[in-house]
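S.K.: Spelled out from the first residue to the last, the chains are:
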Amino acid sequence: MATTKMTTATGQFGDRAFKWLTLAMAFAVFVLIALIGYELASGSHLAMQKFGWRFLISSDWDPVNDIYGALPVIFGTVVSSLIALIIAVPISVATAVYLTELAPLWLRQPLIMFIELLAAIPSVILGFWGLSVMVPWLHAHLFPAMRGTLGFLPLFKGPDYGPCILAAGMILAIMIVPIITSVSREILRSVPGLQREAAYALGATRWEVTRIAVLSYAKKGIFGAVILGLGRALGETMAVTLVIGNIAQIVPSLFSPGATLASTIANEFTEATGDLYYSALFELGLVLLGVTLVVNIFAQLLLKTFAGPSVKPQN
Amino acid sequence: MTAPNHNWRQFKDVLMRVITFACAILVVTPLVLVFYHLLKEGFTSINWAFFTQLPKPVGEIGGGMANAIAGTFILLGEAALIGVPIGVLGGVYLSEYGGSKLNWWIRFAADILNGVPSITWGIVVYGLLVAPHLPGFSALAGGVVLGLMMIPLVMRTTEEVLQLVPAGYREASLALGIAKWRTIVQIVIRTALKGIVTGVLLALARVAGETAPLMFTAFGNLGWARKLTEPIAALPLQIFEYAKSPYDDWRRQAWAGALVLLLLVLAINIGVRFLTRDRFKAKI
Amino acid sequence: MADNQNNSAALTVKNLSVYFGKNEAVKNVSLDIAARAVTAIIGPSGCGKSTFLRAINRMHELNPDARMEGEIKLFGDDIYSKNVQPVVVRRRVGMVFQKSNPFPTMSINENVTVGLRLNGIRDKKILSERTEQSLRMAALWDEVKDRLSAPAISLSGGQQQRLCIARALAVQPEVLLMDEPASALDPLATSKIEDLILTLKKDYTIVIVTHNMQQAARASDFTAFFYMGELVEFGPTTKIFTSPANKRTEDYVTGRFG
Chain A
1 MATTKMTTAT GQFGDRAFKW LTLAMAFAVF VLIALIGYEL ASGSHLAMQK FGWRFLISSD
61 WDPVNDIYGA LPVIFGTVVS SLIALIIAVP ISVATAVYLT ELAPLWLRQP LIMFIELLAA
121 IPSVILGFWG LSVMVPWLHA HLFPAMRGTL GFLPLFKGPD YGPCILAAGM ILAIMIVPII
181 TSVSREILRS VPGLQREAAY ALGATRWEVT RIAVLSYAKK GIFGAVILGL GRALGETMAV
241 TLVIGNIAQI VPSLFSPGAT LASTIANEFT EATGDLYYSA LFELGLVLLG VTLVVNIFAQ
301 LLLKTFAGPS VKPQN
Chain B
1 MTAPNHNWRQ FKDVLMRVIT FACAILVVTP LVLVFYHLLK EGFTSINWAF FTQLPKPVGE
61 IGGGMANAIA GTFILLGEAA LIGVPIGVLG GVYLSEYGGS KLNWWIRFAA DILNGVPSIT
121 WGIVVYGLLV APHLPGFSAL AGGVVLGLMM IPLVMRTTEE VLQLVPAGYR EASLALGIAK
181 WRTIVQIVIR TALKGIVTGV LLALARVAGE TAPLMFTAFG NLGWARKLTE PIAALPLQIF
241 EYAKSPYDDW RRQAWAGALV LLLLVLAINI GVRFLTRDRF KAKI
Chain C
1 MADNQNNSAA LTVKNLSVYF GKNEAVKNVS LDIAARAVTA IIGPSGCGKS TFLRAINRMH
61 ELNPDARMEG EIKLFGDDIY SKNVQPVVVR RRVGMVFQKS NPFPTMSINE NVTVGLRLNG
121 IRDKKILSER TEQSLRMAAL WDEVKDRLSA PAISLSGGQQ QRLCIARALA VQPEVLLMDE
181 PASALDPLAT SKIEDLILTL KKDYTIVIVT HNMQQAARAS DFTAFFYMGE LVEFGPTTKI
241 FTSPANKRTE DYVTGRFG
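Protein chains in written order, with the working numbering: chain A, 1 to 315; chain B, 1 to 284; chain C, 1 to 258.
If you are wondering where the hints come from, they were derived from the structure by calculation, not from laboratory data.
Do not take every clue at face value.
[What the hints assert, rightly or not] Here are the simulated BS3-like pairs of lysine-lysine, each with C-alpha atoms no more than 30 Å apart in a straight line: (1) Lys-12/B - Lys-73/C; (2) Lys-12/B - Lys-239/C; (3) Lys-99/C - Lys-304/A; (4) Lys-101/B - Lys-304/A; (5) Lys-27/C - Lys-219/A; (6) Lys-304/A - Lys-194/B; (7) Lys-157/A - Lys-244/B; (8) Lys-219/A - Lys-145/C; (9) Lys-27/C - Lys-82/C; (10) Lys-101/B - Lys-227/B; (11) Lys-82/C - Lys-12/B; (12) Lys-19/A - Lys-180/B; (13) Lys-219/A - Lys-12/B; (14) Lys-219/A - Lys-101/B; (15) Lys-220/A - Lys-99/C; (16) Lys-227/B - Lys-56/B; (17) Lys-220/A - Lys-180/B; (18) Lys-12/B - Lys-27/C; (19) Lys-12/B - Lys-220/A; (20) Lys-101/B - Lys-19/A; (21) Lys-227/B - Lys-19/A; (22) Lys-219/A - Lys-99/C.
Computed from a predicted model, the values in this text were never measured in an experiment.
With the hints as extra help, turn the sequences into a complete structure.
M.R.: Dropping the structure here:
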């Protein structure tokens, strides 16, 4: 009897203490968000005061004269991410379809494993490979071919010196394929078997079943996967820095060098002199965070309202 | 009695199978290529000197990345000290306690944090730990930023794994009069330990490859860091510096460094996969 | 297609066995399904009746562990012969499932015509004629004729099931398989489906699996009683229910087990 009473007493204290401990730890996420918000806001304060909204629409990024406009790097970010999406989305969705609907069973796990390993490659390694192998190959083979066939478009006019926006878009595509594929795969798997059976019973071929019963059902979720990939592309730094050429400019040709929000911060932060320069870079960070936040929240909403708790939006 | 367009439909079926298969192969190709080139360019440079020597000054041939390799492990150790307790205990809260409204917000916040670009983490911790105490680039700051990045990752994976523990275990323990906190620690966490460790290892593999946040915190060092308050070298940082340099010898070493880093990251990923292979069998 | 039907056997099943891995779900079943009649398959849960049904349109093959032995002929054609693809069999044999499964991203109209459009029929006139025809046969036309473009999932459960029936009928199958079509529906919707079956049998051969014996007694002409994968007894419904030959059959239909 006495033992039970003692256990209850210490048990109760232990319970309360443990609960508050774990709660405090969980609250770390809120603290971190607050810290990030505070740091970015206070860091960019100076630049925000000086430039106001013009920061976002002015195209002069001139550290020498302490004038900072973010438009060129916003342009670079948007264009490189768009290129990445255009390349990655069809390939990723097709791969997800292959893995869930069409591939022979023995092939599925190995392929899935390879794709997850691709996702694990550190960005700097992919960037280094991109700079040393992919870019020279592009410069020698693909780009001249593109110039020859598509050169009438202003997008593909002009010379390239290797690193350029198009190369950055391609390396980004490689990086976002795994996440779009794996989330799409989850989405496709969650389509009820009964839907597929309805199509089979009508005499549909395997591809027709996929088209009619699976893909149309999964449209919203797949869109969410794509937006998630976009979010990843926007924030990508190292691989882009190594292959984009790092010149902040707005030029129609995809063969010309460019710069993104992230790559600019990476390149210039440690060399920055003067409070205004630092502040401008912080403001780039703030813009970057704002954009990725909006995109990621949008993606989460799409994914959460598509299927139930079985779909995990993170990799 | 076959429909008139039967052959066309069969053709389309085969065509789509081929196209989607080709895409799957296309997806796997960069992995193969990267690995191939790393091996080709970096393998021969991996020698004893690489692991034991410090970088030589610019222009001199030779030297190694001993400090960078050690630095990475030191930073990972620090990161684990921060990321594991907070992440795991936070995940315990999400799984075992809490009202659904609060928990929804916590999960939402964690998912947001997981989407914060790594370079943003870098400048934030710079502002918090480096700028105020100039010249503050330090191993401490580097470990902190990696640890903070781990927290939301570990929290979510811990929660998931704990949720897989059947409710029956908890109920049986509580019915025996065992206190809730003991139930959680000795029964639930014990049961899910393998999964928790897996989550932690995967998070470590993730941050091991991060460069951007370290650029403004650990900063890099051509020698050894004698104290945690000094800048420290790390593999990804060193690879980045060498990769964009014009010196052939540095670039040769960058390949070697990249190979070592990739092997480290892949070893953890594959190792984890191997440990949890029964769980993966059902998931086709 | 519907002309094939005179009162000979629509389906002849000989020594059919279906295995899932090592498990023999259907054991050496032989019977003939009469054309333009309703044949009910009854039996307790797990007796293999659904598996048997799905073997008729080769749907069991969707399970990678499935294997079959024996022979099934559809109006004389061996549906398992080497040069016959499952896809072709499924166009001749339609299926309605236990839980209604209209395609949610399509309208009522589109759901009915999906089978036809897959077969390459694009002519709008033919499509709309068949739509009306099928929906009338499924006793759904009057309820939906003014909102054919509405999403299929805006219909009630019973209506959705009738829509699935219309969808199956639109391609004019030779045999219609129904796997417990009314089990998820309320009594009113159920009786509508049963009336529907009685109307359809004038033109179609129907095989229906049901665990509801009263339903089998009401709606079918022939009944097959399955137990533990074996066909225990098969005959005209009235005989099975009033004077079954086999004791086990009698125990089941009188409710002593099951």
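S.K.: Now tell me, hint by hint, if it's right for this structure.
M.R.: Structure-based check of each hint:
With a CA separation close to 29 Å, the supplied pair Lys-12/B and Lys-73/C stays within the 30 Å bound. Annotation: proposed proximity of Lys-12/B to Lys-239/C is violated, straight-line Cα distance about 50 Å (limit 30 Å). About 25 Å separates the Cα atoms of Lys-99/C and Lys-304/A, which keeps this hinted pair within 30 Å; it holds. In summary, the hint linking Lys-101/B to Lys-304/A is supported, as the alpha carbons are separated by about 16 Å, within the 30 Å threshold.
Distance hint between Lys-27/C and Lys-219/A is unfulfilled; the C-alpha atoms sit about 42 Å from each other, more than 30 Å. A threshold of 30 Å between alpha carbons decides the hint, and for Lys-304/A with Lys-194/B the separation of about 28 Å falls inside it, so the pair holds. Distance check on the hinted pair: Lys-157/A and Lys-244/B sit about 27 Å apart at the alpha-carbon level, within 30 Å; holds. The suggested pairing of Lys-219/A with Lys-145/C holds, with an alpha-carbon distance near 29 Å, which does not exceed 30 Å.
For the hint pairing Lys-27/C with Lys-82/C, the CA-to-CA distance comes to about 22 Å; that is within 30 Å, so the pair holds. With a C-alpha separation of about 44 Å, the suggested pairing of Lys-101/B with Lys-227/B is violated against the 30 Å cut-off. Annotation: proposed proximity of Lys-82/C to Lys-12/B holds, straight-line Cα distance about 22 Å (limit 30 Å). Distance hint between Lys-19/A and Lys-180/B is fulfilled; the C-alpha atoms sit about 9 Å from each other, no more than 30 Å.
For the suggested pair Lys-219/A and Lys-12/B, the alpha carbons sit about 21 Å apart, so the restraint of at most 30 Å is met. For the proposed pair Lys-219/A and Lys-101/B, the alpha carbon gap of about 29 Å is at most 30 Å, so the pair holds. Under the criterion of a C-alpha separation no larger than 30 Å, the hint pairing Lys-220/A with Lys-99/C is consistent with the structure, at around 24 Å. Of the supplied pair hints, the one linking Lys-227/B and Lys-56/B holds, its CA atoms being roughly 21 Å apart against a limit of 30 Å.
Among the hinted pairs, Lys-220/A with Lys-180/B is inconsistent with the structure: their alpha-carbon atoms are about 41 Å apart, more than 30 Å. Proposed proximity of Lys-12/B and Lys-27/C is contradicted: the alpha carbons are some 38 Å apart, above 30 Å. A threshold of 30 Å between alpha carbons decides the hint, and for Lys-12/B with Lys-220/A the separation of about 25 Å falls inside it, so the pair holds. Straight-line distance between C-alpha atoms of Lys-101/B and Lys-19/A comes to about 17 Å, which keeps the hinted pair within the 30 Å bound.
For the given pair, Lys-227/B sits about 36 Å from Lys-19/A by alpha-carbon distance, which is inconsistent with the 30 Å threshold. Between Lys-219/A and Lys-99/C the alpha-carbon distance is near 23 Å, which keeps this suggested pair within the 30 Å criterion.
In summary, the structure is inconsistent with hints 2, 5, 10, 17, 18, 21 from the numbered list given earlier, while agreeing with the others.
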